[in-house]
Amino acid sequence: MVRLRTPAGTRDVLPTEAAELRVIEDAVRLVFRGFGYGEVVTPTLEYEEVLALSEEAALLTGFRMLDEHGELLLLRPDLTTPIARMVAGRLRNGTPPHRIYSVSNVFRRISPQRGREIEFRQAGVELLGAEGPEADGEVIAVACRALDSVGLEGYRVGVGHVELFQALLQAVNIGVEERRDLLACLVEKDFVGYRLVLDGLNLGKDDRLALLDLPEMRGGPEILGKARTLVRSRGMEEAVAHLERLAAVLETYGYGDRLLFDLGIFRNLEYYTGIVFEFYAAELGATLGGGGRYDNLLARFGTPMAAVGFGVGLDRIHASVLEQGGDVDSGLVLVLMPGAHSRWVKVADLLRTGGVGVFALPEETDEEKMFTLARQKEIRLLVEPDPMAQGEGWMVRDLERALESRCFTDQLVEEIRRISAAGDVGMA
Amino acid sequence: MKGLCIALCRGAVFEEVASLLERAGFDLSEVRSNTRKLVFDAPEGTRIITTRPTDVPTYVENGAADVGFVGKDVLMEARKNIFEVLDLGVGYCRMVFATPSGVDPSLETLRHLGTFRVATKFPNIARSYFLERGMNPEIIKLHGSIELAPLVGLAEGVVDLTSTGTTLRENQLEERFQLHEITTRMIVNRVSHKMLAPQVSGLVSCLRALVEDSE
Chain A
13 MVRLRTPAGT RDVLPTEAAE LRVIEDAVRL VFRGFGYGEV VTPTLEYEEV LALSEEAALL
73 TGFRMLDEHG ELLLLRPDLT TPIARMVAGR LRNGTPPHRI YSVSNVFRRI SPQRGREIEF
133 RQAGVELLGA EGPEADGEVI AVACRALDSV GLEGYRVGVG HVELFQALLQ AVNIGVEERR
193 DLLACLVEKD FVGYRLVLDG LNLGKDDRLA LLDLPEMRGG PEILGKARTL VRSRGMEEAV
253 AHLERLAAVL ETYGYGDRLL FDLGIFRNLE YYTGIVFEFY AAELGATLGG GGRYDNLLAR
313 FGTPMAAVGF GVGLDRIHAS VLEQGGDVDS GLVLVLMPGA HSRWVKVADL LRTGGVGVFA
373 LPEETDEEKM FTLARQKEIR LLVEPDPMAQ GEGWMVRDLE RALESRCFTD QLVEEIRRIS
433 AAGDVGMA
Chain B
336 MKGLCIALCR GAVFEEVASL LERAGFDLSE VRSNTRKLVF DAPEGTRIIT TRPTDVPTYV
396 ENGAADVGFV GKDVLMEARK NIFEVLDLGV GYCRMVFATP SGVDPSLETL RHLGTFRVAT
456 KFPNIARSYF LERGMNPEII KLHGSIELAP LVGLAEGVVD LTSTGTTLRE NQLEERFQLH
516 EITTRMIVNR VSHKMLAPQV SGLVSCLRAL VEDSE
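For the record, the sequence lines run as chains A and B.
Quick note on numbering: our numbering labels position 45 of the first sequence as 57, and the sequence is numbered without any gaps.
Quick note on numbering: our numbering labels position 41 of the second sequence as 376, and the sequence is numbered without any gaps.
No lab work stands behind these hints, which were simulated from the structure alone.
Here are the computed distance ranges between Cβ atoms for each label pair:
hint, chain 1, residue 1, chain 2, residue 2, range
1, A, T18, B, V546, 44 to 52 Å
2, B, G360, A, A331, 29 to 37 Å
3, B, D376, A, P399, 56 to 64 Å
4, A, E189, B, T450, 30 to 38 Å
5, A, H81, B, L466, 29 to 37 Å
6, A, E189, B, P458, 27 to 35 Å
7, B, D376, A, D225, 28 to 36 Å
Cβ coordinates follow ideal geometry from the N, Cα and C atoms, glycine included.
Just chain B, with the same shape it has in the complex (with noise of 0.2 Å):
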């Protein structure tokens, strides 16, 4: 039976994805050890491969990955063509609106220009989750530090994640509202779940149980 190619991305919740997967089975020693190597051959003809996570979705649509883990914001900003079947519900944040404390200023440009200013990572998340809401801000991408955005008035307010809310207080910004929930996701390439649907089902089982074990 032929195995499983996985990509993995390295980061914050790399730890959690990797010990549920070694909970499945899968021995991922050299993974953990050798962090600058990227192709991981093991037994059974399983492939782990490492990548960004933006870049997870785009391995699994084009069947390079046939499976992936990665977070639910990067798979609603990416919007790939792949099946999403599990949340392993680590990694949690949320996507929060959020502008510089005391007064709205977001409402205030609002309110005399009848627009305002959102810097984000999540261009595609920000402009589709406001135009659903019939508001049509502008939507500036940025690719690091968005707190920085509001303090140096290149924009109203932020679209962004956060844990525990320090890095916005840090910031003199005051979450809004929630736009999301963020937890990681299992995908799998739309071929690899047809054409190699008992290993695919197998993991899916496998880590589903583990998940609602630990829940």
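Only chain A is shown next, with the shape it has when bound in the complex (with noise of 0.2 Å):
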């Protein structure tokens, strides 16, 4: 017997989780909306020759296949590079800032032991042609929004910026390659690799303590305070300014307990050039998304820009607020009725232009049936013509509850409301 298998890695949505997804992807593409963000679709496929262009390694890893001219083709690998290509084209010649997001299927290749999907659904937006902190913490805080607006409490921003490191790597001599090894310590977030490699090196005692307390260095705005004992250079205090900055702007959005200053995030991806930013839920042992600026990647497509952006992944967000308790019902009311595509194709239309959605059985379905299916389907309320009245009757019945209610035609969508949000007191 063939197995009904889907590829390791991916899984199929059924509609309980799907209909809670679509209510977080909902409200968090209301919330990009809201801050004027205009929504992309770009391929699926892409060529990889093209995404090569950004010299991002990461993103080459994924799934290739060919074309029918044997043109290599790569699955979307993360929301930012597709549309850092296609503003770098299609949007040269407009005028900046673009305020741009997008919600798609992204697909890495993950080591299978480590049972991580190679298929998820990412929220994303990016502002390109804007500088600056007010630029970057508009897009901390139109993350923090689409966090509120699903009703996630409790999370942490961390808030870092590569350039104080690279910075620091300058300002102390460090060759080229022990640079590299330090940064791939700390990418792995191996710290006792990273202290191996700065004892094999050559270092004045307060040149190897910046090395070592630099990336450590995670907490509140005091940590700001310690990072400037560290400067060795304009572009650290440039960087350290930025930052009180930019926590000045998330203040003003009322985000600023949210913030943890963190000098030791170290995305996987080289492209960032700024502020780089990760958000955290205490219920989940892995980051929601995170991002950063990057203000490189549009010249390697050739058209300079400015950016900074993030993604989130919509299954760890919806992961988090079932998991504090959170409400992630769409609130649209589904009824079973008995001859709803046949003789009560009219009513049924009547309710579902009122906004309550109507699942059509056979006139003849028993009250078994009729039990099982509301169960399985989760649709609690079951309309039938009342045997009692003539004509025009109607009869609402929680089948969960002993609840019902009889009414007619012209009051049903009310009548259905009402038996709804009582049964939902109940249950409270």
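Two independent chains are provided; combine them into the complex using the hints.
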């Protein structure tokens, strides 16, 4: 027998989960639009040679295939790079800033033993052609508003600045190869290996201490004061000042308390040039998402332009909200209705127009099947003609609770809503 | 302040890790006395769980434990997405390639068949070590008594841990080269590392001081 498998790291999303994910996605989209971000949809397949212009090795390890001309195609590995490609091409002559959002599935080849997904849905925004702490702050604030909008609580935003560490490496006299080794350890989050590489270098005491301390600095605003003591160059000075101004911007949005300064954030993409950030929920062992400033990426596609953006995993937000006992109900009231696709089509349409979903059943459906369906489809209400009334009378029954009510056609939508709400109160 | 959930494994290195933690101020008397229990709630919200060594990185990666203590061999084999923050310096041993003593049979087989067979509990480590050096041996995953494999012709050599070399010698195996040196590491969940930064940093610097003291 053929086993009806899906590839490891992929899964089917069934109606309950899909409906909840949709609620989250809709809320997030609404926030993005409220800040003036316009949606774009880029192709699921890209030419490998075009995305390779990004010089981002981590993106090119994804799924590849050949088209009929033998050209290498790549399944969309992230949201940012295709948008950078699109803006550098199609919007080259447009007037910045460009505010762009997208929600798409992205594909990564992830070592199977980690049991992680190879296809997952991300939502992200990119603010292109805008610089400074205000632009950085806006993007982080959009993300926070999006997390707020789905009811997530207690999340934190870790913010660092890649220039701090880069500038320190330049100020301290270290060879290119050792630099790469040190960065590789930090990206791998291997502080033991990092110390080992440092131990092998011939460094002054102060330089060694600075390199040891900086990546482990994380906490409140006091961290920036500590970082100042390590400043060796104008670049570092500016990076610290930038973070301070960013904090002030986020304070005005009301997100000052969410910030965790973290000078040890090293995301696995090399295209970041300024701030980098990640979102954490205590309930989840993994990050919700993250982003940063990538001012050099568009130049690699031929149109130099400053840019900052983020992506968050909708599945991860969903899991965190559920873990917190949050509400991801779409609020759509759905009813079972025997005969809705034969004798009662008009009445069913009346309900649908009134915002009530109707799940049609054959007229002769027996009681037991009705209850089974109600349970499996998570539909609580049954609408059927009232046997006691003549003609226009209806009966609305709550199959989970002993609730029922009778009414005429013109009151049916209202009555369904009333019974449904009464049931919800009963649940609470 | 929320306490940390710490994953420990019982076994050879437990004593050394436990005594470090005790010197760092944790009360492990119940963990020591009750070897059947798996979860121990300590004061100030600290919680200690005991698992198999190979499960420690899994608990930590998924955030079921904030912090864990486990050998570098397990970490390298599991390749989890976690922070590795401190080398405790305890539990020292070496991961080596060994073959039956005398003429190295793996070289013989390599010459005649272009490949050879390696039995190991650490297939990922062994494979990447050989691949990086341009060799592509057949890796045979075993779960215990690795030394048996070359004795009965299942493999030409083994990749295994050794501390004194006694087990290798007793089975007429000879160390050919060392792959890695192994010690116990402290690992941290990537979100706990940020959300519980004061607790994590406190524990790291306390343990680091103890480790550096004993060096």
